[in-house]
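Undergrad: Mind docking chains B and C on chain A? Use the hints.
Residue numbers (this note's numbering), protein chains in the order written: chain A, 1 to 350; chain B, 1001 to 1264; chain C, 2001 to 2289.
Quick caveat, the hints were computed from the structure, so don't treat them as lab data. Certain hints may be false.
Incomplete in silico selection of chain C near chain A, CB under 8 Å [claimed, not checked]:
#1 2020
#2 2045
#3 2063
#4 2069
#5 2132
#6 2236
#7 2239
#8 2244
DEER-style ranges, computed between Cβ atoms [what the hints assert, rightly or not]:
#9 A:125 to C:2132: 47 to 53 Å
#10 B:1021 to C:2078: 36 to 42 Å
#11 C:2011 to B:1177: 18 to 24 Å
The beta carbon of each residue, even a glycine, is placed where N, CA and C say it ideally should be.
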Amino acid sequence: MKRGKVFLLTTVMAVFVLGLTACGGGNKNGTLNLFIWTEYIPDSVIEGFEEETGINVEMQTYSGNEEMLAKVQGSNPGTYDIVVPSDYMVENMISQGLLMELDKSKLTNLENLDPAYLNPSYDPESEYSVPYMGGAGVIIYNKNMVEPGADFTDYDELFQPAYENSIVALDDFRSIIGITALSMGYGFNETDETKLGEIKEKMIVLKPNIKSFDSDSPKTLMITEETAVGLIWSGEAALALAENDNLDIAFPDKGMYLFLDNLCITKDAKNAENAYQFIDYVLNAEVNKEISSEFPYLNPNTAGVALMDDAYKNNKAIVIPPEEIAKGYYVQNIGKTVDIYNEIWAEFTK
Amino acid sequence: MRSRQKKIGRILSSIYSYLVYLFLYLPIFIIILFSFNTSERNIVFEGFTFEWYLKLFDNGVLLNAYGNTLFVGFISTVIATVIGTLASYGMSKYKFKGKGIIDILLYIPVVIPEIVLGISLLAIFNLSNIPMGLTSLIIAHATFSIPFVVFTVNARLAGFDRSVEEAAMDLGAGRIKTFFTVTLPIILPGVISGAFLAFTLSVDDIIISFFTTGPGSNTFPLKVMELTKTGVAPDVYALTTIVFIVTVAVTFITQRDKKKPIKG
Amino acid sequence: MKRSYRARNKTIPLLTTVSPVAIWLILLVAAPLLYVLFLSFLSTDGYNVVFLFTLDNYKNLFNPTYLEIYANSFLIAFFTTAICILVGYPFAYHMARAGKRKKTVMMVMLMVPFWTNSLIRLNGWKTLLGKTGFVNTFLQNLGIIREPVEILYTRGAVLLGMVYILIPYMILPLFASIDKLDHSFLEASNDLGANKVKTFLHVTLPLTFAGIFSGSIMIFIPSLGYFFVSDIMGGGKSQLIGNLIETQFKAGNNWPFGASLSMMLIFLILIMVTVYKKSGGDMEDLGVM
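One chain only, chain A, in its complex shape:
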């Protein structure tokens, strides 16, 4: 029958492609299982590492801390050697005994890091984590499409009725609830129930202004001028600013939502030695420059940033002024209050 024939041909194709792909490989110095965010490390860096060390890197990617955690907890211990959790997830993974205490003598390039990013609140002695890259939830806006005089240094500007259906925002409940709280003078990680009630009320005002929730590629909507204002990650903002001259960036006075992703080795890592080698390789200034050139995120590697050109260093969306970082907030574990947050979010996005 002809369908059988189609099927047969598909099979032939399958065998053919497999034959092609099976030829690769060959790992004389062992393997490294890297579990990292999507689009977070250039292929050239992986290839460079493989060439230099003879270690074969098996990379798998995720797009959320919780997905990563579920996968690490659900797999056999030591399945993944390196994971890249964000700030609050580092704390959580430490408390669950999922991470390995680092032997810093094996990381000779640690000194390349800006000390301001070491010993963070989620890992006070930097025993388990090495900062990799991060960013802030910034505001970008289209100068031709916003109200005269608007500069978005005040979160309240987002709540104006003039911006009905013209904002693209992060699809992240901690971000939206957090900045609404900041705009009212409450904490970014607010846990007071009455205050959360007020925050929920205020968010109803914001709701009609949101055109789309998009954490993945909000820059697209800003570049095409489909939205006037964006509450987006700084890395995305940097790309958007480069593509459309009408866009400008703002750092709100009351402080921004910050995140910092970290290279960590899992407790039972099967290839811990290779993992150390990899982390040290990534911390190398030249290698780090390669990463920054491809992904314009906030980079705590001072030595790497120093090698970048002026265009990079002067881009406020990439090299965010230190005083703005100092005003920012990381997401904290809020315990059972997260249920209230979930409910507010469901109400907001239904």
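TA: Only chains B and C this time, still in chain A's reference frame:
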């Protein structure tokens, strides 16, 4: 008068079906067009280039992932088709205790949200020490494909005249011989349709694959998911275009030299 | 004598045909299901699952906000199904009336788009429907509209995405049931003087009801759960039950509540299937291709 009316009706319904096809193919045409776009952003068509096709052949990871997808799709389809066909045949022929339970269990993979099935399969694989990688992917894909094969073969068996089988057995054919020479040819269109459905489901799955794969065995949809995170890159569009054209070509060739079509 | 021989003889074929599926389903479907059920009675400390028995996750199902989300979700599923019937029926009818050869060609042409990744196809729609997309530009050039219309990020766009992804699941069973229709029935009805509309309403439609019902179930169920359609086409603004469950297993970090939501969904759908069975529907029409 009447035949003229009929003719107009036929033309109208032809136009209508072309419109439905237009609806189904429109986004694919856009993908093909944008695979030749010079702009990486894929918002506006800026200029014509073959760059992405050339780049594609450099992208070993993408091709490798595509190979994995075809492999997992093929093996899981074979497993699901064999198990599903046997099940459908046995369940329609025999009455036994627990049939109702199997019936309900067959519905669960269709009903249960993919993320829930993915996470719970991950837990099961971990408990049973099944290596995470192509093996676990194949098992997971076969699991959500089996019900579709069973339903499809059931549909074919519904109109099946059992007396044909009995006649064959009266003539001295054994059970196995009867199944392969009499029953299978009759239900084959249903089996093949089921296999197609299973294959389609497998090569498009993302969520269950994320949870049930292991290091070093990415599938094509997982890579696509990754690339859609930053706005779909034109090289994925280029690969999609190649796959689409190969599918159409294969279908067209196999259609052409087949005189007697089958009923699906 | 003969009877016992037959009974004994039945065991082996029964075992060979049914035991593989039974074992597979018990290990890989029943076991996960029990795991989900177990999970739905546990608590969380806000981050991780805690082994503490509770019924809160089931009480939480009746929160008014969530009830509204179910209602929205069911509404979208209902409209998706209705549109698929309206659009799919004439197409399936045309397909069933075509010549044998054309029938096969039409069916293959229907399936081919499905071998292209659904995320990519939805992204194709996004390019088409944006403010600077083809549809808006086209309408503006024709002078039909002056300003670009908002198509993307509306409920309408979600509906379009759902119909687009699911419509073949309606067309195939419809085709199967219309194809089985005996031509002579319709001719007899026409000969008896009934007009076309009457023939359709009183003969064709009732005879193809099984196909409509099968297709409806195969569309209604997935459209409750396809959260990615709402995310891509609707900008994440119209949550479906699927989005709600997805959130609990991801950022919301409340697996037990996600589990209880899943159990509710399974329960609701098993009720629907049972009602269908009881009302005389043929289970074997489901999944018809």
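Undergrad: Hint by hint, say whether it matches the structure.
TA: To see whether the hints hold, each was checked on the structure:
Against a cut-off of 8 Å between C-beta atoms, the interface hint on residue 2020 of chain C is violated, since the closest Cβ of chain A lies about 22 Å away. At a threshold of 8 Å, the smallest CB-CB gap from residue 2045 of chain C to chain A is about 6 Å, leaving the interface hint in force. Proximity of residue 2063 of chain C to chain A holds as hinted, the smallest CB-CB distance being about 7 Å (cut-off 8 Å). The interface hint given for residue 2069 of chain C is met, as the beta carbon of that residue sits about 5 Å from the closest beta carbon of chain A, less than 8 Å.
For residue 2132 of chain C, the shortest C-beta to C-beta distance to chain A is roughly 5 Å, which falls under 8 Å, so the interface hint holds. Residue-level restraint check for residue 2236 of chain C holds (minimum Cβ-Cβ distance to chain A is 4 Å; threshold 8 Å). At about 5 Å, the closest approach between the beta carbon of residue 2239 of chain C and any beta carbon in chain A falls short of 8 Å, and the interface hint on this residue holds. For residue 2244 of chain C, the shortest C-beta to C-beta distance to chain A is roughly 7 Å, which falls under 8 Å, so the interface hint holds.
Distance hint check: the CB atoms of residue 125 of chain A and residue 2132 of chain C are about 51 Å apart, consistent with the given range 47 to 53 Å. At roughly 26 Å, the beta carbons of residue 1021 of chain B and residue 2078 of chain C sit outside the given window of 36 to 42 Å. Taken as a hint, the range 18 to 24 Å holds for the pair residue 2011 of chain C and residue 1177 of chain B, whose Cβ atoms sit roughly 19 Å apart.
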